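**Student:** Full structure from sequences and hints, please.
Protein chains in written order, with our numbering: chain A, 1 to 258; chain B, 1 to 292.
These are computed hints drawn from the structure, not numbers from a lab. Just to be clear, a hint being listed does not mean it is correct.
[Stated by the list, open to error] Footprint (simulated), chain B over chain A, 3 or more residues, beta carbon under 8 Å:
(1) 103-112
(2) 116-122
(3) 202-212
[As the list claims (entries may be wrong)] Here are the simulated DMTMM-like cross-link-like pairs (lysine to aspartate or glutamate), alpha carbons at most 20 Å apart as the crow flies:
(4) A:Lys226 x A:Asp146
(5) B:Lys176 x B:Asp248
(6) B:Lys156 x A:Asp147
(7) B:Lys190 x B:Asp238
(8) B:Lys190 x B:Glu253
(9) B:Lys190 x B:Glu113
(10) A:Lys8 x A:Glu28
(11) B:Lys88 x B:Glu113
(12) B:Lys190 x B:Asp229
(13) B:Lys88 x B:Asp75
(14) B:Lys143 x A:Glu64
(15) B:Lys114 x B:Asp221
(16) A:Lys226 x A:Asp242
(17) B:Lys176 x A:Asp100
(18) B:Lys143 x A:Asp147
(19) B:Lys143 x A:Asp146
(20) B:Lys190 x B:Glu138
(21) B:Lys156 x A:Asp121
(22) B:Lys156 x A:Asp74
(23) A:Lys8 x A:Asp100
(24) B:Lys26 x B:Glu210
Owing to the predicted nature of the structure, the values given are computational and were not obtained by experimental measurement. From the three backbone atoms N, C-alpha and C, an ideal C-beta is built for every residue, glycine too.
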Amino acid sequence: MSTLPLLKVNDVSKFYGSRIGCRNVSFELYAGEVLAIVGESGSGKTTLLSCLSTRLMPTSGIVEYHMRDGQYRDLARMGESERRFLMRTDWGFVHQNPADGLRMTVSAGANVGERLMAVGDRHYGNIRATASDWLERVEIGVDRIDDQPRAFSGGMRQRLQIARNLVTSPRLVFMDEPTGGLDVSVQARLLDLVRGLVHDLGLAAVIVTHDLAVARLLSHRMMVMKDGAVIEQGLTDRVLDDPREPYTQLLVSSILQV
Amino acid sequence: MNDLATYNFAYLDEQTKRMIRRAILKAIAIPGYQVPFASREMPMPYGWGTGGVQVTASILGPEDVLKVIDQGADDTTNAVSIRAFFQKVANVAVTTRTKEATIIQTRHRIPEEKLSEGQTLVYQVPIPEPLRFLEPRETETRKMHALEEYGLMHVKLYEDIARNGHIATTYAYPVKVEGRYVMDPSPTPKFDNPKMHMSEALQLFGAGREKRIYAVPPYTDVVSLDFDDHPFEIQSFDKPCALCGAEDVYLDEVILDDKGGRMFVCSDTDHCEDRRACGHAGHMLARKEAAE
Ligand SMILES: Nc1ncnc2c1ncn2[C@@H]1O[C@H](COP(=O)(O)OP(=O)(O)O)[C@@H](O)[C@H]1O
Ligand SMILES: [Mg+2]
Ligand SMILES: [Zn+2]
Numbered sequence: 001m002s003t004l005p006l007l008k009v010n011d012v013s014k015f016y017g018s019r020i021g022c023r024n025v026s027f028e029l030y031a032g033e034v035l036a037i038v039g040e041s042g043s044g045k046t047t048l049l050s051c052l053s054t055r056l057m058p059t060s061g062i063v064e065y066h067m068r069d070g071q072y073r074d075l076a077r078m079g080e081s082e083r084r085f086l087m088r089t090d091w092g093f094v095h096q097n098p099a100d101g102l103r104m105t106v107s108a109g110a111n112v113g114e115r116l117m118a119v120g121d122r123h124y125g126n127i128r129a130t131a132s133d134w135l136e137r138v139e140i141g142v143d144r145i146d147d148q149p150r151a152f153s154g155g156m157r158q159r160l161q162i163a164r165n166l167v168t169s170p171r172l173v174f175m176d177e178p179t180g181g182l183d184v185s186v187q188a189r190l191l192d193l194v195r196g197l198v199h200d201l202g203l204a205a206v207i208v209t210h211d212l213a214v215a216r217l218l219s220h221r222m223m224v225m226k227d228g229a230v231i232e233q234g235l236t237d238r239v240l241d242d243p244r245e246p247y248t249q250l251l252v253s254s255i256l257q258v
Numbered sequence: 001m002n003d004l005a006t007y008n009f010a011y012l013d014e015q016t017k018r019m020i021r022r023a024i025l026k027a028i029a030i031p032g033y034q035v036p037f038a039s040r041e042m043p044m045p046y047g048w049g050t051g052g053v054q055v056t057a058s059i060l061g062p063e064d065v066l067k068v069i070d071q072g073a074d075d076t077t078n079a080v081s082i083r084a085f086f087q088k089v090a091n092v093a094v095t096t097r098t099k100e101a102t103i104i105q106t107r108h109r110i111p112e113e114k115l116s117e118g119q120t121l122v123y124q125v126p127i128p129e130p131l132r133f134l135e136p137r138e139t140e141t142r143k144m145h146a147l148e149e150y151g152l153m154h155v156k157l158y159e160d161i162a163r164n165g166h167i168a169t170t171y172a173y174p175v176k177v178e179g180r181y182v183m184d185p186s187p188t189p190k191f192d193n194p195k196m197h198m199s200e201a202l203q204l205f206g207a208g209r210e211k212r213i214y215a216v217p218p219y220t221d222v223v224s225l226d227f228d229d230h231p232f233e234i235q236s237f238d239k240p241c242a243l244c245g246a247e248d249v250y251l252d253e254v255i256l257d258d259k260g261g262r263m264f265v266c267s268d269t270d271h272c273e274d275r276r277a278c279g280h281a282g283h284m285l286a287r288k289e290a291a292e
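**Tutor:** Shown next as structure tokens:
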């Protein structure tokens, strides 16, 4: 594990006009580290995730990424072409709704293979073999490789979205409520899968969730957000077992249903 | 059509022609790039090649010799009426002979006869955007072209192979132009793709409804997309043309009777006639002559 952080977030704020999205957020994320962002609806989790992943430009503050060449780059100053390349090679983004992250009208194999083709892979047989591997890794039968995700259950779609993102061996994955729309039993299986993959691949991840159980299971560290600000952060076990802020205590004791 | 006689040479006013010529020049300067232009109403419906007609009208001069083909033939309704239109509004010489034409407006085919310097091929294009199949958003496809993000084209070919065991796309087969822009060659059969590569003739593409013009200048690289293990191949035909015996040409099926009789003949009618005039004969012709 590198001693330099993968992501450096310094005083990031995002305003929608006069409305606060998130404000004055600073933290560092290391390779292989999983950070959970928790908080109730409207607390700014998605806004922050969007600012980190360049889906939104922060109003102020800097997000820097440690590139594979060893240099830190200010994401806001990166050219669009390079940024999009980074997003589909070294990063992943798992949407809550799989339809937002998949091509629903092309086969599962092509969904997984798309990133490979985007970076210049021109061997059909290899692309298909890699896609098969990944379907297996996310527990989708290889016999479904030519089916469109339209024919898949919610849990399968989400697993396909994960495979599609991981096929280029990214170092950093963003997830927005990855278990959000799923039944409880399906959620458990997906969480196990994500935990295994993150561990095996040594992925760094930023996972937005309103579900503290998800944070507990997946994350090393967590940040608690309220009204756009981070009010408490620390190792996940510490925050959940010994919350310092009264608001976090309410969250943890489930008096606040988030 | 009577009042057309009072229109400007080649129907369009000079202002409009200038605008279209500017778009054409830009298109030639950036091979394969789709240049937007203010497409005009033409006295024929979309789908009749109004984009190609506007391009032809803008480059046509009184000395030009015009040929118009549709599916390779000069005598189909579409070709006949476009040719008649230009005879009327520009009084230009027309021909069916590829060699003699300075401008060839086409739908679906590139003539079999090798084109040469000084000739211009004008394509009528219904859908200019090759990425539309998988990405309907215009803002996104524009960005993909600008950033040269063409992975999606291979997703389309991947799907083809996954479904059919081979690349089953037979027409509008995507090409990369001069190593940069991915382009839809319009609904020509992929058989004609190699003819676009390093062509001596200027190739102009007009899409009327979609308001786009693009171009392949003479001597430009045009490469059909493919996979290393599924290389691009053109259609091949089992038999030569039944009338002129030509091989290595694109053939159309012609039904002869209601008992399942049929023959395959050159889709390029001028090419076929030319060969027959030179004494070549396919098996149908030979049989007919023997019977006489
Ligand atoms: N596009 C937007 N325009 C205006 N306000 C927004 C927009 N997106 C989010 N907000 C506001 O920003 C705040 C944080 O929202 P969000 O980041 O979506 O929170 P969360 O993901 O924690 O539910 C909320 O007050 C929300 O109403
Ligand atoms: Mg949210
Ligand atoms: Zn023939």
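**Student:** If any of the earlier hints don't hold here, list their numbers in rising order.
**Tutor:** Numbers 3, 4, 5, 11, 14, 17, 18, 19, 20, 22 and 23 - these are the hints that the structure violates, sorted from lowest upward.
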